[in-house]
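2 protein chains.
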Amino acid sequence: MSEYSAPLDDIRFVLENVVDLAGLSKFPAYEHIDADTVFGVLEENARFMEQLVAPLNRSGDIQHSRWDAGTVTTPDGFREAYQQYVSAGWGGVPFPADYGGGGFPWIVGVVMQEIMQEANLAFSMCPLLTQGAIDMLLHHSDEGQKEKYLPKMVTGEWTGTMNLTEPQAGSDVGAVATKAVPSADGDGSWRITGQKIFISFGEHDMADNIIHLVLARVPDAPPGTKGISCFIVPKVLVDDDGNLGERNSLQCVSIEEKMGINASPTCVMAYDDAVGYLIGEPNAGMRYMFTMMNSARLSVGLQGLALGERAYQKAVAYAHERRQGRAPGAPAGTQSPIVELPDVRRMLLTMRALNEASRCIAFLNAECFDLALHHPDEAVRQQRSELADLLTPITKGWGTDMGVEVTSLALQVFGGMGYIEETGVAQHYRDARIAPIYEGTNGIQAMDLVGRKLPMRAGGVIMDFLGSISATADEVAAAGSDELAPIGARLADGHRVLKEATEWLMTNGLADPVNVLAGATPFLRMAGTVTGGWLLARSALAAQRRLDAGASGDDAELLRQKIVTARFYCDQLLPQADGFLAAVTAGPTDLTAAVF
Amino acid sequence: MSEYSAPLDDIRFVLENVVDLAGLSKFPAYEHIDADTVFGVLEENARFMEQLVAPLNRSGDIQHSRWDAGTVTTPDGFREAYQQYVSAGWGGVPFPADYGGGGFPWIVGVVMQEIMQEANLAFSMCPLLTQGAIDMLLHHSDEGQKEKYLPKMVTGEWTGTMNLTEPQAGSDVGAVATKAVPSADGDGSWRITGQKIFISFGEHDMADNIIHLVLARVPDAPPGTKGISCFIVPKVLVDDDGNLGERNSLQCVSIEEKMGINASPTCVMAYDDAVGYLIGEPNAGMRYMFTMMNSARLSVGLQGLALGERAYQKAVAYAHERRQGRAPGAPAGTQSPIVELPDVRRMLLTMRALNEASRCIAFLNAECFDLALHHPDEAVRQQRSELADLLTPITKGWGTDMGVEVTSLALQVFGGMGYIEETGVAQHYRDARIAPIYEGTNGIQAMDLVGRKLPMRAGGVIMDFLGSISATADEVAAAGSDELAPIGARLADGHRVLKEATEWLMTNGLADPVNVLAGATPFLRMAGTVTGGWLLARSALAAQRRLDAGASGDDAELLRQKIVTARFYCDQLLPQADGFLAAVTAGPTDLTAAVF
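From first to last, the protein sequence lines are chains A and B.
Add 19 to the 1-based position in the first sequence for my numbering, that's all there is to it.
Add 19 to the 1-based position in the second sequence for my numbering, that's all there is to it.
Excised from the complex, chain A in its bound form (with noise of 0.2 Å):
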């Protein structure tokens, strides 16, 4: 069986098709990067990934991180790979140059860690954990500590980790009870006391220093979410001339016994009096957490997609390989490659339109990152950042459900083979169960978007939105293609029933908010069933045209192949939006009703 491939071309296509990389270049801030360039470093990058990270993605899953007496112990080869990865430099390429980053757009980030999650989730957490913590830093440190910390976190040199939750706060972050106080020393330093749990990370032996990110309670501070306050605590102290000095009072004092994502050390970490430096103002961390949000969401979005990508691969390679039955018109006494099959066909088709879907949704996400910091036009930017906004939830929460459902539907693809561990896609299943419970379980993010995006400009962004999809439906129907005609017919009914939802939703909810509570999961799978459908209409319309212009080849069966998938798509599985509505707009009233 062939190992893992990054699907540079697929991200190519959207790349260039979906997403206007190439626009990008045009803006000041990226004057300097061209899309070629961008290329060659994936395609560099891709093959690190395929060589060193993806090989080691069993066997950790096999040996997982362990602990003993406080210190934690990667599997086999990740502590090289991973100093392999800070000599390439790879952690710092979305980051600006002033801490030593490649100053490349944030979308050029968001595909390297598709493939670094593809190749390997487990290992990937670390890197992607850091990037967080950079992220932090970089919008709301002092330039003190930006220059104490970030040129060694941007190499790589240093992880970083973000520890919010405690045993009786996970998605009520505001229920966190560790304590900061002020440093007996009077050095403007903090003394933080508290247990966090499920830190990815939080401790290992890949690195000379871990700097957790935590939240805790400064004295008097008020309750809930408003009374929370962000904190550097180094796990080794740094001198004024960052130097390493002592070891911080804080320790991992035990890892997880988890299903998946073994090599991956869940740790629970005892903060005894040590001590921390606070970021920004006080009581202000939870609105810092919330710029960076959306940047986490994206990348536990694009997980859904790795680890989906990963398993078709591996179950497209299978089904050319396993014979077993016979395919329809095949010489009697014959046993077919299951790839012959219409009902595995139908599998293998299924994942590929999902995860193509996925890929389109994240990267779009990814592009408003950047046009929201970066398009010289104001309005623009403005615009950017409200659908990045309201696609955020829908890169997390559908991207990680259909990870599920990808990653289940190869292990189907494999059979009984596929329950036994050796075959390793059992691991991305597994795997893949995580993504829709961490980083803002799927739940909250349906709430996250009837809750907080549908109102945003008093339903306008919304709005806006769906009148995107209705034109892209048009636009398909004025193609006049036979090709395409269904796409644009179903996608017109997609938007039909999307509108109806959100409408329903927005009259309703001012009604009572409960009715949008009650509706919010299944809104949420068909606005992602709905949010594919349109991008992948767009991708067909993008590779009508490249075809009708010309192309031939290699480059003309992929445009070919991106037709066959997003009509697929758009008949097969769009119409499952409409299966949603009813459940929309039930109401709460067999909720209440119900006795557990």
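Treat the hints as calculated values from the structure; they're not laboratory data.
Heads up, the beta-carbon is just placed ideally off N, CA and C, and yes, glycines get one too.
Take these hints with a grain of salt, some might be off.
To be verified - Here are some chain A residues pointing at chain B (derived, C-beta under 7 Å): (1) Val60; (2) Leu61; (3) Leu367; (4) Val583.
Following the hints, put chain B in place on chain A, whose structure we already have.
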């Protein structure tokens, strides 16, 4: 968190209101059995499973069955629990008194299977396979074989296995290559040589003997399924007086490392000139297998329900205990039990509705087995036999898909704690994922439904079935109750869409069978969704009648909850059936055009 409690009230409701348990005892075969006796047995069985078998579920998952030099040691406690199971005589309840059984209807055995599978799926595999082997011997072996093997198998002192699969022969059973040659001893026995895989409890330490039923080819057998014969191959040879003699030349050469059901040893079995005894005629093995296939598939369909029920109980308990966030209307500054949050209530009610729909389908299917054998009216026997054939792929395919869905929802209710193995809900999710694969993958079930079951009686069977659904929709409408009205309307919609899909398949399948194969999986999903709605509508009607007749107290509360569950299902889940119509009727164009 409370341990497992058998859902006897829910079971009794279905036995009394969806099927007619009391009616069965009017037939000569069951006249010694009344409903009170049945419920007494079930209560005692439930206590046994709750107290002795359920507590071994998690420890068995942790410890696994272990292989060493051909022997298999089951987890601590399994051997003792199994011996108590044998002493209590649970395995024989639904078998004929002639061989030491209890002579109860098959549906009573099915209810006991549900309870045992809820208690401990891995443990249950051993008695389940034994029951399958008994079923085969009862139907097809000769009197001498029956007398030799059945009494000890009915008590459970000896266990049974089914040896079908080989590396090249999984779904494609016709590819079996294991050979059988007449013994040189000239005693009428055969010698069996070959390797079998995926043999559940092929070796273990819980019983004195294991009676393997092995598919093999005799010399000059025709190719494919028409050349398969079925042999009794005991682990330890049995002399004419029933005494155990020499060890037969077969062994377990390894067991698989799986994603779940870890306490159930999945064995690779090597037969090396092993002594075997032909069942019935040579080359008739597949036909014999078919007679017990419905029963085995029903049992696996129940596994989806069983794990869904166990996971539901766990999720409800956790949702009452876990406080997080604030429910609508709760005082500021408090944390509510998450059972009060609308999105959590949606998950719990979805779980309950899917479980109850699965139970109704499975029990109706089981009742059909009994009626097909024992109803005094030949026409009814025929009609129930046809309905059993139609329902079986739905019970298995839809029931096991929903088992995965429901255990996934339970995991989601637990949030991050669900992904940690110690809470135990992850095990249910891992265990549940085998059921859509074994005993005929769900793709095979879908092809069976559209390719073999829809054409029965030239479509007459499915049309009768659709007529029953339509009649229930009319009956609900005629009831004139506001409470029930949405159920009737949605069921009428579901009937219409299932009818349309059926007619499309029957019309277009004649033109090209690939049309049917391409739409099989979405059709199965649709058929399951509508069938569940039909039977929950019947539940609601029955509940309403009993309420109208003056039910009170706990009984009334149960009946009111049946109506809530049915209404939620019909109003919010049943409409999803509509979303699959497009996929059923799309034909194979895109599947064929896709290049993988």
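Which of the numbered hints above does this structure break? Structure breaks hints 1 and 2.
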